[in-house]
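First to last, the protein sequences are chains U and A.
Residue 7 is where the first sequence starts when you use the working numbering, and the numbers rise one by one after that.
Residue 7 is where the second sequence starts when you use the working numbering, and the numbers rise one by one after that.
Hints should not be assumed to be uniformly reliable.
The list treats identical chains as interchangeable, and a pair is accepted whether it falls inside one copy or across any two copies.
[To be verified] With a straight-line Cα cutoff of 20 Å, these simulated EDC-like cross-link-like pairs (lysine to aspartate or glutamate) come out:
no.	residue 1	residue 2
1	K381	D185
2	K123	E250
3	K145	D160
4	K132	D237
Honestly, the hints are just simulated from the structure, not real lab data.
2 protein chains.
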Amino acid sequence: MTLPNSNSIATSLPLYNFSGGVGLLPPTVISEAQQAILEVPGTRISALVINHRSQLCRDILDETEKNLRTLLTIPDNYHILFLQGGASLQFSMIPMNLWVNKNQPVDYLVSGYWSSKAIKEAEIEKKNVNIIWNGKAQKFVRVPRPDEYQIDPDAAYVHYYSNETVEGLQFENPLETGDIPLVCDMSSDFLAKPIDISKYALIYAHAQKNIGAAGVTVVIIRDDLLECIPDNIPTILDYRPHVEMKSIYNTPPIFAIYVVLLVTRWLLNDIGGLTNMAQQSQHKAALLYKAIDESQGFYRGHAQVDSRSLINVVFNLATPNLERQFIETAERLGIIGLEGHRSLGGIRASLYNSMPVEGALYLQNFMLEFQQQFKGQQQ
Amino acid sequence: MTLPNSNSIATSLPLYNFSGGVGLLPPTVISEAQQAILEVPGTRISALVINHRSQLCRDILDETEKNLRTLLTIPDNYHILFLQGGASLQFSMIPMNLWVNKNQPVDYLVSGYWSSKAIKEAEIEKKNVNIIWNGKAQKFVRVPRPDEYQIDPDAAYVHYYSNETVEGLQFENPLETGDIPLVCDMSSDFLAKPIDISKYALIYAHAQKNIGAAGVTVVIIRDDLLECIPDNIPTILDYRPHVEMKSIYNTPPIFAIYVVLLVTRWLLNDIGGLTNMAQQSQHKAALLYKAIDESQGFYRGHAQVDSRSLINVVFNLATPNLERQFIETAERLGIIGLEGHRSLGGIRASLYNSMPVEGALYLQNFMLEFQQQFKGQQQ
C-alpha cells in the first residue's frame with residue numbers, strides 16, 4: 007500500500023466502511039435484496055409491496071423468527087417481535103411496559119453515551135431511576151466488574167447496554183441479576199456471538215448495525231413479562247398486541263424484515279452459526295488492537311484493555327490535526343467512516359458482522375503505513 | 007379475455023395487485039430501487055447502509071422534502087417529517103402532542119373502520135373525546151355533509167380520515183374548521199390529488215399505499231403547533247426533536263425514505279404533477295364504477311354515490327359464494343388482492359397511484375365477462 011497524494015478516491019480501490027452508526031451488509035445479502043425488489047423468488051411479488059395480511063408476509067416473518075431461534079437457541083417461552091422506532095423507542099417502551107409499580111425502583115447501569123440516553127426516557131416515567139454504576143467520572147473507559155454494582159432486590163428490572171458503540175466498551179458476560187429481570191440493549195453486538203438467552207428477560211437490537219438495514223428493531227421478550235403490563239398505555243407501545251398479532255398488529259416494515267431474513271440465512275448457511283461469527287469478530291478486533299498496542303503510543307486506545315469492545319475500536323492520535331490527516335488519507339484509500347462519534351471525537355473503526363476480515367487487515371496495514379510516515383509528528 | 011378453468015396463474019399473464027393494505031410501485035421506481043441497493047448512483051454506497059450522519063443521507067432527506075413541497079405547494083411554515091411507526095403511532099402521538107389542556111375537548115369524526123381506531127388511542131389520553139359525527143348506524147356508507155357536523159369552538163383539534171380504505175368512502179374537500187387545527191390521516195389518498203395545505207394543521211400518511219414501501223410515515227405539521235407541546239412526553243414521541251434534527255433525531259429508515267424520493271421524482275418527471283395524477287385517478291375509478299352501475303345489480307357498490315372513493319372501490323355480489331368465485335377466477339387471470347377487508351368482507355379493488363389505467367381496464371373487462379357468465383346466479 008502506498009499512501010496517495012491525490013484528493014479523490016480511485017474507483018478501482020476497495021471501499022471499506024467502518025462507520026459506527028450503520029454497518030455493512032454481506033455482498034450475498036445485497037444481491038439477494040436486489041433480486042427481491044423485483045420479485046421474492048417464486049412469487050411474482052416485489053418485496054417492497056408485500057401485503058401484510060398475505061401468506062407471503064407470514065412466511066417471511068416465520069422464517070426470520072425460526073432462524074433467530076436456531077442461531078441463538080431461543081427457548082419457547084420467549085417471543086420475538088419485529089418493531090419500528092429503533093432502540094430509541096425501546097428506551098421508552100421498556101419503562102412504560104415493565105415499570106408497573108412506580109414505588110419499585112428500576113436499576114440502570116451507565117457505561118457510556120447510549121446507556122445514559124436510555125435513562126432519560128425512563129425518567130420521563132418517574133424521576134427516581136436508580137443508577138447502579140456510572141463510568142462517567144472516569145470518562146467511560148471501562149465497564150464495571152460484577153463486584154462494583156449492586157442490584158436492588160426490589161427492582162422492577164435492570165437495564166444495561168452490552169456494547170457501548172461510542173466509547174468502544176463491551177461486557178463479556180451478562181450482568182448477574184438473579185431473579186430481577188435483566189433488560190439489555192444489544193443493538194451493536196446482537197448476533198455477533200452466541201449468548202445464553204435464559205439470562206435475559208428482554209433483549210432489543212435495532213437492525214442497522216449487525217443484522218440488516220435501518221427500519222426494524224428485534225425485541226426478544228420472556229413470556230412472563232407480559233402478565234403485568236398496565237392497560238393504559240398506547241396500544242402500539244404495548245408489547246402484548248404485537249405478541250398476539252405476531253408482529254402484524256399494524257403494517258410491519260416488511261422489506262426491512264426481509265433483509266434481516268437474508269442476514270440470518272447468511273449467518274446460518276455461509277458463516278455456519280454464531281460461534282464462527284464470534285471467531286471472525288475476535289480475529290478482526292485483534293488485528294486493530296495489535297496495531298494500537300505495538301504503535302508505541304502513536305495510537306492510543308480509549309478503552310481499558312479488559313473492557314475493549316470487539317465491535318467498535320476507539321482510539322486517538324496525538325493531535326486532532328493528525329487525526330484529521332489520518333481520516334482524510336484513509337478516505338483516499340477507500341477506508342471510510344472512521345470519524346469518532348461527534349460526542350467524543352477521535353477515531354472509531356467499527357467491525358460489525360459484515361465487515362470482512364480483509365477489511366480489518368486493510369485498515370491494519372494502513373495504520374502501520376501511516377504510523378511509519380507520520381511518527382515524527384506524534385508529540 | 008376468456009375465463010380460465012385451470013387452478014394456477016399462468017406466469018405469462020399480467021399481474022395486477024388491487025390489495026388495499028399495500029399499494030404497488032411504478033416499474034421505474036422498482037428498477038431504480040434495485041439499482042440503489044447496489045449503489046446510490048455516483049456514490050459507491052448501497053442505499054441499505056447509508057450512514058444517517060452522512061451528507062448523502064441529508065441530501066436524500068432534503069430532496070424528498072423539496073419534491074413534496076413542490077408537488078403539494080407546501081408553505082414554509084410547515085415542517086415535513088419522516089417518522090417510523092405507521093399511522094398507528096400517529097394515532098397516539100397526535101393526542102400526546104396536541105391535546106395539551108385536557109379540559110379542552112378534541113373533536114373526532116367517525117366515518118369508518120380506521121377513523122374509529124384513531125379515537126381509541128385518543129381515549130387512552132383522556133376519556134372525553136368528542137365525536138362530531140358517526141356513520142356507524144348507517145354502516146359507514148357515506149361521509150357527512152358540512153352541515154351535519156359541528157366543530158366545538160373550544161376544541162384543541164379536529165381529526166378525520168380523508169379516505170376510508172375499508173369502506174371506500176372519500177371526502178372531496180377538507181372539513182371546514184375555521185381556526186380550530188385540522189388534523190388529517192391522509193394515508194390512502196396522499197399525493198393522489200392537489201390539496202390546499204393551508205386548510206390543515208397536521209397531515210400524516212404512511213408510505214405503503216401511495217408514496218412508497220412500508221416503514222416510513224410522512225408528517226406535515228404547521229409550525230405554531232410546536233409551541234404548546236408538553237414537556238413530559240417521551241422524546242421520540244415528541245414532534246419537536248424530529249423537527250429540530252430534521253428527521254435525524256434517531257436513525258431514520260433511510261431506504262424506505264429513498265423509495266419515497268423515487269416516487270416523488272416519478273410524480274414530478276413521469277406523471278407531471280398531482281393534477282395529472284388526479285385525472286388518472288378519476289379515470290381509473292370511473293371505469294370500475296361504470297361496471298358496477300351498469301351491472302343491473304349484479305355488482306352492488308357499498309358507498310353512496312356522492313361519497314364514493316376514487317381510491318378504494320368496494321362492492322358486493324349477491325352471495326359470499328359468488329364473491330369467492332369472483333375472487334378465485336380473477337386470481338387465475340392475474341388479478342389479485344380483491345378480498346374485502348376482514349371486518350367487512352365483499353370485494354375491494356384499490357386504485358393507488360401506481361395502479362396503471364390498464365390495470366383498471368383489465369379488471370373492468372373481467373367484471374363484464376364474469377357478470378356475463380354468472381348473471382344467472384345473482385339471486
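Results of checking the hints against the structure:
Taking CA atoms no more than 20 Å apart as the test, K381 paired with D185 passes in neither setting, with 53 Å inside one copy and 68 Å between copies. Taking CA atoms no more than 20 Å apart as the test, K123 paired with E250 passes between copies only; the shortest distance there is 18 Å, against 30 Å inside one copy. For the homomeric pair K145 and D160, neither the shortest alpha-carbon distance inside one copy (30 Å) nor that between copies (52 Å) is at most 20 Å. Taking identical chains as interchangeable, the C-alpha atoms of K132 and D237 lie at most 20 Å apart whether they share a chain (18 Å) or sit on different chains (13 Å).
Hint compliance for this structure: hints 1 and 3 are not met, and every other hint is.
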